[in-house]
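Listed here are the chains, written in short residue letters.
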Amino acid sequence: MTREDVLKGLQERFRDDIIDLYDRSHKRVYMEIIPDALPRVAMYIFRDLGARFNIASGTDTRTHMEILYHFSLEEINLIISLRVKLDREKPAIASIAKLIIGANWIEREMYELLGIQFIGHPDLRRLLLADEWPRGVYPLRTDYEEWDKSAVRDRGV
Amino acid sequence: MKLPKVRELTEAVKALLTGPYTSKFPKQPHVAHPNFRGQPVYDADRCVGCLACENVCPVEAIAHEDITDHENPRRVMIHYTDTCIFCGSCEAACIADNRGIKLSGEWDLAFFDRSAAMETIEKELELCEICGGPVACKDHLRWISERIGELSFSSPTLYLSRLKGLGVIDENIIEASRDYGRSDRVKILCARCRRETTLTTK
Amino acid sequence: MARSVIPIGPYHPLQEEPEFFTLTVDGETVVDIEVNLGYNHRGIEKLSERKTFDQSTFVIERICGICSTSHPFAYTRAVEDVIPVEVPERAKYIRTIIAEGERIHSHLLWLGLAGHFLGYNTVYMWVWKLREEILDVMEILSGNRNNYAMFKPGGVRRDIKEEDIPVVMRKIDSIIPTIDRLKKAILDDPVLHVRLKGIGVLTKEEAINYCAVGPTSRASGVARDVRKDAPYGAYDRVEWDMIVTEHGDVFDKAVVRILETYESIKIVKTCLQNLPGGDIDLNIKDIPPGEGIGAHEAPRGEVFHYVRSDGTNRPARHKVRAPSYMNIPTCQATVIGETISDATIILAAVDPCYCCTERMAVRDSKGARLYDTKELIRLSQQKTERIKRKMGIK
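Chains as they are written, first to last, in the numbering used here: chain A, 1 to 157; chain B, 1 to 202; chain C, 1 to 394.
Next comes chain A alone, as it looks inside the complex:
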């Protein structure tokens, strides 16, 4: 399976789901898809192409929420990143945690740090933040304001 075969296969199978395919270099491909197509495309890449799920990175741009799912195809030295753009007010997307066990923790982390709902996640609760952290305050968002007035902000001397 060569790089061209993989890309052609993806473009033919998911013709209606792919919004944009950015072939950046021989090692990096960024593919934007519609959010509803995420489970199908992710399972095709994970199961049929035999790629390894690396991690998902959520970003808050000022206009929308974006998640990038990174998959590594080691035999041909290629990293395919699937990009989905979500609405910023109520971001929600289908969860792939039941299909790929390795995605369980990162979806919990994105839920608590960015406020993205993962529909169908078996156990969506806090992973990293403390229990005293107030609900509805998402640290990685751009409009995050520090809520703890007693925190030390200088050298502390």
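It should be emphasised that the hints constitute simulated quantities derived from the structure, not laboratory data. Don't take every hint at face value.
Said to hold, decoys possible - What follows is a set of in silico ranges between Cβ atoms, one per label pair, in the way DEER data are often shown:
#1 C:223 with A:151: 46 to 54 Å
#2 C:286 with A:62: 52 to 60 Å
#3 C:166 with B:13: 27 to 35 Å
#4 A:26 with B:15: 48 to 56 Å
#5 A:125 with C:314: 53 to 61 Å
#6 C:314 with B:19: 14 to 22 Å
#7 A:141 with B:51: 50 to 58 Å
#8 C:278 with B:166: 38 to 46 Å
#9 A:63 with C:332: 33 to 41 Å
#10 C:42 with A:141: 14 to 22 Å
As the list claims (entries may be wrong) - Keeping only pairs whose Cα atoms sit at most 25 Å apart, straight-line, the calculated DMTMM-like set for lysine to aspartate or glutamate is:
#11 C:197 with B:71
#12 B:14 with C:173
#13 A:149 with C:49
#14 A:85 with A:145
#15 C:161 with C:49
#16 A:149 with A:132
#17 A:27 with C:26
#18 C:46 with A:143
#19 C:183 with C:385
#20 C:184 with B:11
#21 C:46 with A:66
#22 A:149 with B:60
#23 A:85 with A:17
#24 B:14 with C:89
#25 C:51 with A:145
#26 A:98 with C:32
#27 A:98 with C:206
#28 C:183 with B:11
#29 B:27 with C:136
#30 C:228 with A:66
#31 B:164 with B:71
#32 C:46 with B:106
#33 B:27 with C:49
#34 B:187 with B:106
#35 C:285 with B:8
#36 B:102 with C:385
#37 B:102 with B:91
#38 C:46 with A:87
#39 C:161 with B:106
#40 C:51 with A:146
Keep in mind it's a predicted model, so treat the numbers as computed, not measured. Backbone N, C-alpha and C fix where the C-beta goes; we use that ideal spot for every residue, glycine too.
Given chain A, work out where chains B and C should sit, using these hints.
Coordinates of chains B and C only, in the frame set by chain A:
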């Protein structure tokens, strides 16, 4: 299991004969390897007071204070030794041939009082002749004018400061103040006053 | 049929990545395990957005004390992927030398800790004494035993001086006979065979489903290593082998780590002998807008960094993924079904970046405290004693 036993026994005997691997610190002091990155130390003669180290420091361990007292204007460079991470960025960014602040080999730095955990040096500061604010350190202006040679005569701040330092011209005995005329442009000025005197006139 | 819940944790202020494991136990067998994290969440991804690209390498290398090179290596590769640009040859060799030196000291550290859990305290002290030689080598090369501050986007910060190389080669050569003796002493020991073989097995299919990385997956037969699949640095200019075994138990994980130490020594010596001349830094001034991905094989697995730049001198988004993030959930597959006295060594076989199973507590169903840290480690050491007695060895 005879053979492994012999192996381990020889190792044990060797260890008994050579003694313990650890040293008797603090009775036996430890001198670090010359490549070791220890505490940064300022060199007051070489430092020009340009604040490059303060801008580059990743943990904000360097600060400065400008004292604009007319009798003794000076800039105090403060290095907070408890915040410093000994990364060497300040030494790499120093414009005085990387010698204004250098990493020494000192590592035994424990202390009891955090508010006293700082090292300071003082540099003479050049003050603006109109507003009295800081322009730059005298050594910094000299560093610039040495490097651009005769081009320093394009800036009155640079050449007046340099010639005053050499003792070639006298102190300005006429009271330095704004007169909104040409004479303002031939004074030692800070950036804001220089902009105002260039753009406005009576 | 009484089930009791045993928490292993919680937060210990001295640890890098403390975790809290809750084991549900039926008699002596573990039937369920749950992991709680976040006791030391420092918000590094948010902090990295406030520092410039050059300054954040110092924050990034303090994510972990043991893999202190791996995170800046992956981060600088990600920033160089945004532009994209290749660093000079000499910088590649120096980066490889520092990364492999760190791998040696990290694997030796793990070996010592594993020895401590099993009751072989002599191995613990012996291996850590050996590790001092490597730490001296790192001090000569970079100026510090940990947190080397050598990496910057575009190259390395400091050069290796010619007169230091013979001293470093001598120190490395002096530890090879001791590692040989250690390897034979550990791999030939019949007590260790009984103790570790067949314990905590992670099958190849589970390793793929959990997306495990590093020696954890290489011990289960998954032949993946970032240094071979996507070569960078000097890894494609030096001859070395990837170590893969197939059983997936704790013994195989130990074997993979010991043999990898030999390969690292080979790489360091070859790189030092063939160090090319030239620049060590590209002096990058501007990072254009874009996205970049950088990966590096840390001692524990693949480190993955994703950097997005918006054209200013600070990152717009920086995602950090440590290898233990993918490896620790595999404890669900490895610990369930094993006995409680094996739980410590199975959890430590994943090498969770520092001994995270340090603080442990055992409570019965009413919440009264039965055992503490030392007692649980002693349970594990006592099992070794029992096995030794059964085999007739003193």
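The hints, checked one at a time:
{"no.": "1", "hint": "C:223 with A:151: 46 to 54 Å", "result": "holds, 47 Å"}
{"no.": "2", "hint": "C:286 with A:62: 52 to 60 Å", "result": "violated, 23 Å"}
{"no.": "3", "hint": "C:166 with B:13: 27 to 35 Å", "result": "holds, 31 Å"}
{"no.": "4", "hint": "A:26 with B:15: 48 to 56 Å", "result": "holds, 55 Å"}
{"no.": "5", "hint": "A:125 with C:314: 53 to 61 Å", "result": "violated, 32 Å"}
{"no.": "6", "hint": "C:314 with B:19: 14 to 22 Å", "result": "violated, 53 Å"}
{"no.": "7", "hint": "A:141 with B:51: 50 to 58 Å", "result": "violated, 34 Å"}
{"no.": "8", "hint": "C:278 with B:166: 38 to 46 Å", "result": "holds, 43 Å"}
{"no.": "9", "hint": "A:63 with C:332: 33 to 41 Å", "result": "holds, 39 Å"}
{"no.": "10", "hint": "C:42 with A:141: 14 to 22 Å", "result": "holds, 18 Å"}
{"no.": "11", "hint": "C:197 with B:71", "result": "violated, 80 Å"}
{"no.": "12", "hint": "B:14 with C:173", "result": "holds, 19 Å"}
{"no.": "13", "hint": "A:149 with C:49", "result": "holds, 22 Å"}
{"no.": "14", "hint": "A:85 with A:145", "result": "holds, 24 Å"}
{"no.": "15", "hint": "C:161 with C:49", "result": "violated, 35 Å"}
{"no.": "16", "hint": "A:149 with A:132", "result": "holds, 14 Å"}
{"no.": "17", "hint": "A:27 with C:26", "result": "violated, 49 Å"}
{"no.": "18", "hint": "C:46 with A:143", "result": "holds, 12 Å"}
{"no.": "19", "hint": "C:183 with C:385", "result": "holds, 21 Å"}
{"no.": "20", "hint": "C:184 with B:11", "result": "holds, 14 Å"}
{"no.": "21", "hint": "C:46 with A:66", "result": "holds, 17 Å"}
{"no.": "22", "hint": "A:149 with B:60", "result": "holds, 22 Å"}
{"no.": "23", "hint": "A:85 with A:17", "result": "holds, 13 Å"}
{"no.": "24", "hint": "B:14 with C:89", "result": "violated, 44 Å"}
{"no.": "25", "hint": "C:51 with A:145", "result": "holds, 18 Å"}
{"no.": "26", "hint": "A:98 with C:32", "result": "holds, 18 Å"}
{"no.": "27", "hint": "A:98 with C:206", "result": "holds, 14 Å"}
{"no.": "28", "hint": "C:183 with B:11", "result": "holds, 14 Å"}
{"no.": "29", "hint": "B:27 with C:136", "result": "holds, 21 Å"}
{"no.": "30", "hint": "C:228 with A:66", "result": "violated, 31 Å"}
{"no.": "31", "hint": "B:164 with B:71", "result": "holds, 16 Å"}
{"no.": "32", "hint": "C:46 with B:106", "result": "violated, 33 Å"}
{"no.": "33", "hint": "B:27 with C:49", "result": "violated, 46 Å"}
{"no.": "34", "hint": "B:187 with B:106", "result": "violated, 45 Å"}
{"no.": "35", "hint": "C:285 with B:8", "result": "violated, 57 Å"}
{"no.": "36", "hint": "B:102 with C:385", "result": "violated, 55 Å"}
{"no.": "37", "hint": "B:102 with B:91", "result": "holds, 5 Å"}
{"no.": "38", "hint": "C:46 with A:87", "result": "holds, 22 Å"}
{"no.": "39", "hint": "C:161 with B:106", "result": "holds, 21 Å"}
{"no.": "40", "hint": "C:51 with A:146", "result": "holds, 18 Å"}
Comparing the model with each earlier hint shows violations of hints 2, 5, 6, 7, 11, 15, 17, 24, 30, 32, 33, 34, 35 and 36; every other hint is respected.
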